[in-house]
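Q: Using the hints, position chain D against chain S.
So the sequence lines, in the order shown, correspond to chains S and D.
Numbered by the working numbering, the letters in the first sequence go through residues 2 to 240 in order.
Numbered by the working numbering, the letters in the second sequence go through residues 7 to 147 in order.
Careful: at least some of the hints might be erroneous.
Unchecked claim - With a straight-line cut-off of 25 Å between C-alpha atoms, the simulated DSS-like cross-links for lysine-lysine are: (1) Lys148/S x Lys229/S; (2) Lys184/S x Lys168/S; (3) Lys233/S x Lys81/S; (4) Lys67/D x Lys94/D; (5) Lys81/S x Lys12/D; (6) Lys67/D x Lys110/S; (7) Lys12/D x Lys148/S; (8) Lys110/S x Lys43/S; (9) Lys184/S x Lys43/S; (10) Lys184/S x Lys169/S; (11) Lys67/D x Lys43/S; (12) Lys110/S x Lys94/D; (13) Lys81/S x Lys229/S; (14) Lys146/S x Lys81/S; (15) Lys110/S x Lys169/S.
Hints in this document: simulated from the structure, not taken from any laboratory.
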Amino acid sequence: MGSPPLFYRWSSKALVWLGVSSIITLSLGLFMGIGLSPADYKQGDVYRIIYIHVPSAIMGESIFIFMALCGFINIIWRAKISGMLLKAAAPIGMSFVLLVLTTGSIWGKPTWGTWWVWDARLTSTLILFFIYAALIGLHSTIEDKIKADRAVSILAIVGVAIIPVIKKSVDWWQTLHQPSTFKLTSAPSMSPEMYQPLLICVIGFYLVFAFILTLNLRNEILERESSKKWVKEVIGNQS
Amino acid sequence: MNPIRKQRLFALIAILIGSLLATWLITSALSENMNLFYSPTEIKVANLDDEMLVRAGGMVKEGSIIRDTGSLNVTFTVTDYQNELIIKYEGILPDLFDENAGVVVRGNLNTDGTFTAIEVLAKHDENYMPPEVAEMLIEEK
Numbered sequence: 002m003g004s005p006p007l008f009y010r011w012s013s014k015a016l017v018w019l020g021v022s023s024i025i026t027l028s029l030g031l032f033m034g035i036g037l038s039p040a041d042y043k044q045g046d047v048y049r050i051i052y053i054h055v056p057s058a059i060m061g062e063s064i065f066i067f068m069a070l071c072g073f074i075n076i077i078w079r080a081k082i083s084g085m086l087l088k089a090a091a092p093i094g095m096s097f098v099l100l101v102l103t104t105g106s107i108w109g110k111p112t113w114g115t116w117w118v119w120d121a122r123l124t125s126t127l128i129l130f131f132i133y134a135a136l137i138g139l140h141s142t143i144e145d146k147i148k149a150d151r152a153v154s155i156l157a158i159v160g161v162a163i164i165p166v167i168k169k170s171v172d173w174w175q176t177l178h179q180p181s182t183f184k185l186t187s188a189p190s191m192s193p194e195m196y197q198p199l200l201i202c203v204i205g206f207y208l209v210f211a212f213i214l215t216l217n218l219r220n221e222i223l224e225r226e227s228s229k230k231w232v233k234e235v236i237g238n239q240s
Numbered sequence: 007m008n009p010i011r012k013q014r015l016f017a018l019i020a021i022l023i024g025s026l027l028a029t030w031l032i033t034s035a036l037s038e039n040m041n042l043f044y045s046p047t048e049i050k051v052a053n054l055d056d057e058m059l060v061r062a063g064g065m066v067k068e069g070s071i072i073r074d075t076g077s078l079n080v081t082f083t084v085t086d087y088q089n090e091l092i093i094k095y096e097g098i099l100p101d102l103f104d105e106n107a108g109v110v111v112r113g114n115l116n117t118d119g120t121f122t123a124i125e126v127l128a129k130h131d132e133n134y135m136p137p138e139v140a141e142m143l144i145e146e147k
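Next comes chain S alone, as it looks inside the complex (with noise of 0.2 Å):
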């Protein structure tokens, strides 16, 4: 992957194979959660707003890890393609935060009582959104992409110190959210014919996040190297 043009010729090939996988499996996901598995027992139909809340929710979170994992091998090695993994996978990670925050309001009317609560979990996920907010606007103000990229580095290893403070807000205090139906140490709390289609879903958000994610740096190394001869052969082949 060391040499950008090799990068960019591959990738139109992993884009399809990507493209395909995430329909499938997030349209197989979507099916089963929404048109084949059970009603809740309380919530009724309700609870199936869970098959994009939850996915976005933990892409959101994990997707800001992965940031802070770019922006340690930028700041270290120096490496030109961490930068660019940064920097295009920032504006996806807030996409699912918005989308996070705005099911979950759909979500809580309808079962609360409300469309928004400041509670811990809800407001440290809030701080997330305005995180990536930051990070985003920190990056667009630096001319220089290599510094830029180096600024928002350190923003992703400070800012990650808001992740197990979302996922942990739900244990340390009382708050209206309801804890996590997945647990590391034991089954989840939700019958199997409800939670499989989940897995499901989750797996086709990582999915469709890797397809953005190599759409997005595909922009961006053709931006960082508009001056190169190659990339003036790829666009004048495409023309």
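A: The following block gives chain D in isolation, referenced to the frame of chain S:
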């Protein structure tokens, strides 16, 4: 690993630890205030002013919901299995409001020890199951 990279690694680890430590200090300083609501026991010992707006939460006690037939007035008891708090509310309750279900209310404590709520939110748990499974669980009990 060459010395410069090693130095950068140490600097980054220091930043990460510093940031985690700062977050930990902030959250532990906020600790009590981060709770969304007080339990009936905490309300009892807190010596609240009757004008203070607070949130109380707990489980709705079985058989404690009394609905007024002519109006939207409702009275119910919230318990944390140690202490109880009688809640008075006028308004529409959320769909998931039920006996033996979690609830968070916002309002103020009256001088007679009851609580007048201006907002009632239903808390739901992390368990999801089809209605048939829920029925089976009830029968087993």
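Q: Each hint should be assessed against the structure and marked as holding or not.
A: Do the hints match the structure? See the list:
no., hint, verdict
1, Lys148/S x Lys229/S, "20 Å, holds"
2, Lys184/S x Lys168/S, "11 Å, holds"
3, Lys233/S x Lys81/S, "21 Å, holds"
4, Lys67/D x Lys94/D, "14 Å, holds"
5, Lys81/S x Lys12/D, "19 Å, holds"
6, Lys67/D x Lys110/S, "24 Å, holds"
7, Lys12/D x Lys148/S, "20 Å, holds"
8, Lys110/S x Lys43/S, "15 Å, holds"
9, Lys184/S x Lys43/S, "21 Å, holds"
10, Lys184/S x Lys169/S, "11 Å, holds"
11, Lys67/D x Lys43/S, "18 Å, holds"
12, Lys110/S x Lys94/D, "22 Å, holds"
13, Lys81/S x Lys229/S, "16 Å, holds"
14, Lys146/S x Lys81/S, "10 Å, holds"
15, Lys110/S x Lys169/S, "24 Å, holds"
Of the numbered hints given earlier, the model fails none.
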